[in-house]
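From first to last, the protein sequence lines stand for chains A and B. With the first letter of the first sequence counted as 1, position 114 gets the number 96 in our numbering; the numbers rise by one all the way through. Take any residue in the second sequence, note its place counting from 1, add 11, and you have its number in our numbering.
Heads up, some of the hints might be wrong.
[Said to hold, decoys possible] Calculated Cβ distances over 10 Å to all of chain B for the following chain A residues: (1) L(-2); (2) S15; (3) L92; (4) G150.
[To be verified] Chain B side only, calculated, beta carbon under 8 Å to chain A, not exhaustive: (5) N84; (6) N89; (7) S94; (8) F98; (9) A114; (10) G261; (11) P334; (12) G335; (13) G336; (14) S340.
[Stated by the list, open to error] Label-pair ranges, simulated between beta-carbon atoms: (15) B:E374 - A:M81: 33 to 43 Å; (16) B:G210 - A:A54: 37 to 47 Å; (17) A:Y1 - B:Q144: 51 to 61 Å; (18) B:T102 - A:R69: 28 to 38 Å; (19) A:F(-1) - B:Q144: 53 to 63 Å.
Since the hints were derived computationally from the structure, they do not count as laboratory data. Ideal Cβ positions, reconstructed from N, Cα and C, are used throughout, including at glycine.
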Amino acid sequence: MKRSRFPLWVTAGVMLFFYLPVVVLVVNSFNQSRSSGPWTGFTLDWYVRLMGRRDIWMAFRNTLIVATGASAASMVLGTLAAFALHRYRSRLQDVHYTMIFTPLVVPEILLGVSLLLLFVALGVERNLWVLFIGHTTFCISYVAMVVLARLQDFDFSVVEAARDLGAGPWITVRRVLLPLLAPGILAGGLLAFTLSIDDYVISFFLSGPGTTTLPIQINAMIRRDAPALINALSSLMLCVTFLLVWLSQKLNKESRT
Amino acid sequence: MAFLEFQHIRKTFDGFPAVDDVSLEIRKGEIFSLLGPSGCGKTTLLRMCAGFERPTEGRIILNGKDITDLPPNQRKVNTIFQSYALFPHLTIFENIAFGLRVAKRSEAEIHDEVERMLKVMQLKGHERKKPHQISGGQKQRVAIARALVNKPEILLLDEPLAALDLKLRQRMLVELDAIHDEVGITFIMVTHDQTEAMGISDRIAVMNRGKIQQVGRPNEIYEAPTTSFVAAFIGDTNFFVGQVGPADHGDYCRLKIEGFDRVLCYNDKRLKPGQMAYVSVRPEKLRIHAERPEDDPRLNLIPGKVTDVIYEGGRTDYWVDGPGGYRISVTRAHQLFGLDEAPIEWNQAVWLSWHADDGYMLEQYREDDEELLRLPAAPEAGRLAELPDED
């Protein structure tokens, strides 16, 4: 039987649909034309100019701080949540599961507005801490889901084996449980990191003067700056995101074997 | 004196009794097997010994010390898990060294002890590999080494051979026995496989539904079962239902079995005349004759017709339709195949005999056991066609 070409065409179509805009964006970041119009020649000028912009560097710094903090905090809290969800079965845990799961499906704008209202009501100034807390709230859910999935096919007899061989609860966690779950936790953390640096909606509500993140910065630049400059910045963010997603998947696969 | 003692152990899970008032004494240095069908409570009993479960009631005494409430890491007891539960992130060397490292032994000591274990378990050359790089039999040996290196007082084995294929299982059984001879500590093994238990154990406890049915040496359990469950679970057997008659020849008694001429049976349980009872006769205790043998007062004799002949090389299994609608399994070992045995063919009329000492009278079964005691039905011609193809 002749192999059907159909799957190939579908794949090509989907790839085109998803990634043509991205390709256009990346190609145009090397275009001399200021307005991303017709190709007028190759240049790295936009990238060089990007490096000279202080506001972009500030936004980059903020994004990095918030993403690192939020993913670190959610790795700890998300892992603990996943453990509680996996270990104990009760009505309360069902509620817990729903609460952990909800931020994944609730419209982000809802989360952003409610967080903003809360902070306003509390009279909290909009600083990096506020952004950090906002990002952590949704990052926890992602880490918890990734770790929970890992726990579901985790063979807990190794934990019993460690106890049997004389290890107390703390040594068991440190020498056996954490090393075995580390790839899963790290994969969840990387996922949280990528989501945090890309986040627009929640950051839009929670960022204030001086705490702009990159996505907010890009949005602001659309009105003021050359489209080509935005292309260059977006291309860089794209690279970082791809790298992190690839790393996260690699780790996840490793922890499965 | 008992080395390990279970005193009236009860364990319930959500009200369901998994282990029900079990008392056991295990001697120092013996291989003791807990044998029973799945769900009989044998694994729960083992896990309570290791400290993974706490008994609802009762005490566990090891060497005169009450260990019932000690956590697993404070017991001088180590376990071989069914799945081996090796640490996948550690090398073979570090797996074996785990217990010593936790106990904070010196580096030199750890090295010496682990090296010695590697040599004993024939694992030299594998110490730097990870568990997923070695074979099933080697994993088994690593699990044993990892436990024995801590010099436990008791080694617990949870279905130790279940994960291995048949050939390897037989070899590991011999190896386990050799290891036991070498280290001389007490082994407690949980298994559902009677050949495994019979082959290696000094004593066996047969369990069913959370209770101990019988404790004894393998031959006692096979030859002199005390309950119909034990008779049916260990090996194959034929059951005949009858009513106890008058005593005869001292400890023997007559038995009225429907369709049978005259049955004599050893009455070690002193069943009273009029009581209903089971007689268990093992297939190899029955003899099959082409001609009616000479009468002997202690020989029970019944006629029958061969319905199936299964030649197995060293022996032949016959299914014989006897009187009273019994379908009887008979095994004939071929010691002098060409000389002393005229072949018995399908559909031939035969005589079956067994000695009065070889039938075991047991109390009548309870309804729970019925499933287990049912004799295999004769395959009907129509049903054979429905059997799925196996490839």
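Tested hints:
no. : hint                         : in the structure
1   : L(-2)                        : 41 Å, holds
2   : S15                          : 54 Å, holds
3   : L92                          : 41 Å, holds
4   : G150                         : 6 Å, violated
5   : N84                          : 5 Å, holds
6   : N89                          : 6 Å, holds
7   : S94                          : 6 Å, holds
8   : F98                          : 6 Å, holds
9   : A114                         : 6 Å, holds
10  : G261                         : 54 Å, violated
11  : P334                         : 53 Å, violated
12  : G335                         : 51 Å, violated
13  : G336                         : 49 Å, violated
14  : S340                         : 40 Å, violated
15  : B:E374 - A:M81: 33 to 43 Å   : 58 Å, violated
16  : B:G210 - A:A54: 37 to 47 Å   : 56 Å, violated
17  : A:Y1 - B:Q144: 51 to 61 Å    : 40 Å, violated
18  : B:T102 - A:R69: 28 to 38 Å   : 29 Å, holds
19  : A:F(-1) - B:Q144: 53 to 63 Å : 44 Å, violated
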